[in-house]
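What follows is each chain in one-letter form.
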Amino acid sequence: MKELKLMKGNEALAEAAIRSGCDGYFGYPITPQSEVLEYLTQHAKERTGMVVLQAESEIASINMIYGAAGTGKKVMTSSSSPGISLMQEGISYIACAELPCLLVNVVRGGPGLGTIQPSQGDYFQTVKGGGHGDYRLIVLAPSTVQEMVDHVKLGFDLAFKWRNPVMILSDGALGQMMEKVELFPQMPRTNEIYPWATTGKTKDRERTIITSLHIQPDKMQEINLHLQKKYKAIEVEEIRYEMIDCEDADLVLVAFGLVARICQKAAQLAKEKGIKVGVFRPISLFPYPYKALNQLADNVKAFLTVEMNAGQMVEDVRLAVNGKIPVEFTGRMGGIIPTPEEILNKIEEIYVGETA
Amino acid sequence: MNEKRLLEEEKHFETMIAEESLCSNENLVYEKPETLIDTPMHYCPGCGHGVAHRLIAEVVAELDIQDETIGVAPVGCSVFAYNYLNMDMTEAAHGRASAVATGIKRVLPDKYVFSYQGDGDLAAIGTGETIHTCNRGENILMIFINNGIYGMTGGQMAPTTLVGMKSTTTPFGRDVEIMGNPLKITELIAQLPGVYYCTRVAVNTPNNVRKAKKAIMNGFKYQELKKGLSFVEIVSNCPSNWKMTPIESNKWLEENMLPYYPLGDLKVPQNPQKAV
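So the protein lines, in turn, are chains A and B. The working numbering numbers the first residue of the first sequence as 46 and each following residue consecutively. The working numbering numbers the first residue of the second sequence as 133 and each following residue consecutively.
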């Protein structure tokens, strides 16, 4: 029987963490994601014995994740934009040491202390690096509270499959809003011992060293080449996206996360006006669905990218399209969510331009 | 003249070594524990790090807990500690060793976890992590090497650099007006209820080395009680950056470091003999 509940995004994500058999959560309060820590401190320990610890800072929490992930346990943290900025050094270490863990960014408007309202202004930071060095996170962008649940399970699976940190790139609205969700059944916590983990050196194996320090350039290059090879494989195997009414569309809206849903409403309004509009929603932001967008560009007249930022993902859309068709952009910043009507206005503007 | 004498002594020593009798089993008093890897260390001659590493290795071997021990190395001279300790180790970011150790201990509460940090790592960039790890009473051992200088980066001022002490960033000596006083972080954290055991030792003389080993031994054993954190400060030397010979540096340590950083227990468990 399906287990359906009405839940707030952040709480649904926390519930999914417990159910996915997570061993530990280390976090620090920050609006608009504090409910994750609150929910876990209230429910996790008695249900699964999961460790939940409020750290003294995001810097401490990401380094606790680094230590705990190194033992092979299933661990996660969450924060919002300024807190995620503080974690970047640790994320870079984790990526280089190839440790699996789940990171969640419930994005708020920046730069600086910014606002506590929703934003997608951390796309560059999350998808292109953020910390120092050549590394990649696997990035998942939920657009519903249901996906806030599903991406936790998927995120842990991908993290362990690739031994790579996975980031869920959400936003303040998804974190705070309530929707109906279907919860998956409780999964057991495992006690699996991994050969790469620090669990105490036994006689039958060499010691395990978790480090990102390789002083010799040859060795560091070798590590980098290995990482790049892994990222290439991830780009082949883990691309996820959704296409809605793209088959006979003249114009396709490209948007991720919450904005993709607003775009669906805008597409519907456009159809009522006789304009054939589809929606392309990348679900994995790394790896990015360049190929699918490139192929789609053969069949439509233009793309309109819509984001809650000054235009960040649009750069990837342009890379994918490589000049085949015009790629327009509209967006809102500072914590303002674009309305279907303003997207429709932009659609009409482009459509008139294209047909004139 | 000294050189000539040294050469003579060396020759004499070589002759003695050549005699098999000296190498007989009953004469062997030194053995490398299997927890210490047989490789040359990168530390400068006379540096206290090597001694401190050996003490950790000896304690882990004597307690027979190699398969249950996880160490955390810092950034600083001892960044390569994992090259010498034959144990599972994680290399932390600068200042974050105690947070990394917290993460490990929380998900593996029955393992022995220790962090090893220098003064810049523990008492400057990582002060926040140090205080909060101690305050939470994590059941780990924190080993703090205080030599009053940044060794790895080439002799800059540390939070523990003594007043008037010269470094590359205090070329005229540490000036309190500009840089404040040397930080007695061990005294500070000894006050925290989460700290179960807090002591300051040194590795400049054989007697002090023995005391340091006992302190490290305590720090490992107390983890079994789950009563809080053990903190062992080791006052050490840095011949290279202090610009002294090893012997001079140990003498300087005795005369200058120890009056400001006095050796001894700052906090001892109430009934340690009952507890362990």
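These are calculated hints, taken from the structure and not from any lab test. Take the hints with a grain of salt, since some may be wrong.
Computed, partial: chain B to chain A, Cβ under 8 Å [as the list claims (entries may be wrong)]:
1) Glu200
2) Thr234
3) Pro325
4) Pro338
5) Asn340
In silico DSBU-like cross-links for lysine-lysine, where the CA-CA straight-line distance does not exceed 35 Å [what the hints assert, rightly or not]:
6) Lys164/B <-> Lys143/B
7) Lys90/A <-> Lys164/B
8) Lys198/A <-> Lys358/B
9) Lys90/A <-> Lys143/B
10) Lys343/B <-> Lys248/A
11) Lys90/A <-> Lys358/B
12) Lys143/B <-> Lys248/A
13) Lys225/A <-> Lys369/A
14) Lys345/B <-> Lys143/B
Remember, it's a predicted structure, so these values are computed and weren't measured experimentally. Every residue, glycine too, gets a C-beta built ideally from N, C-alpha and C.
Tested hints:
1. Taken as an interface hint, Glu200/B checks out: its beta carbon lies about 5 Å from the nearest beta carbon of chain A, inside 8 Å.
2. Residue-level restraint check for Thr234/B holds (minimum Cβ-Cβ distance to chain A is 5 Å; threshold 8 Å).
3. This hint is violated: Pro325/B has a C-beta 16 Å from the nearest C-beta of chain A, more than the 8 Å allowed.
4. For Pro338/B, the interface hint is violated, since its Cβ never comes within 8 Å of a Cβ in chain A; the closest pair sits about 29 Å apart.
5. A cut of 8 Å between beta carbons decides the hint on Asn340/B: the least distance to chain A is about 29 Å, and the hint is violated.
6. Taking the CA atoms of Lys164/B and Lys143/B, the gap is near 26 Å; set against the 35 Å cutoff, the hint holds.
7. Restraint check: the Cα-Cα separation between Lys90/A and Lys164/B comes to about 44 Å, which exceeds 35 Å; the hinted pair is violated.
8. Taken as a hint, the Lys198/A and Lys358/B pair is honoured in the structure, with Cα atoms around 33 Å apart against an allowance of 35 Å.
9. Annotation: proposed proximity of Lys90/A to Lys143/B is violated, straight-line Cα distance about 68 Å (limit 35 Å).
10. Of the supplied pair hints, the one linking Lys343/B and Lys248/A holds, its CA atoms being roughly 30 Å apart against a limit of 35 Å.
11. With a C-alpha separation of about 19 Å, the suggested pair Lys90/A and Lys358/B falls inside the 35 Å cut-off, and the hint holds.
12. Taking the CA atoms of Lys143/B and Lys248/A, the gap is near 41 Å; set against the 35 Å cutoff, the hint is violated.
13. Distance restraint check for Lys225/A and Lys369/A: the Cα-Cα separation of roughly 40 Å exceeds the 35 Å cut-off, and the hinted pair is therefore not satisfied.
14. For the suggested pair Lys345/B and Lys143/B, the alpha carbons sit about 34 Å apart, so the restraint of at most 35 Å is met.
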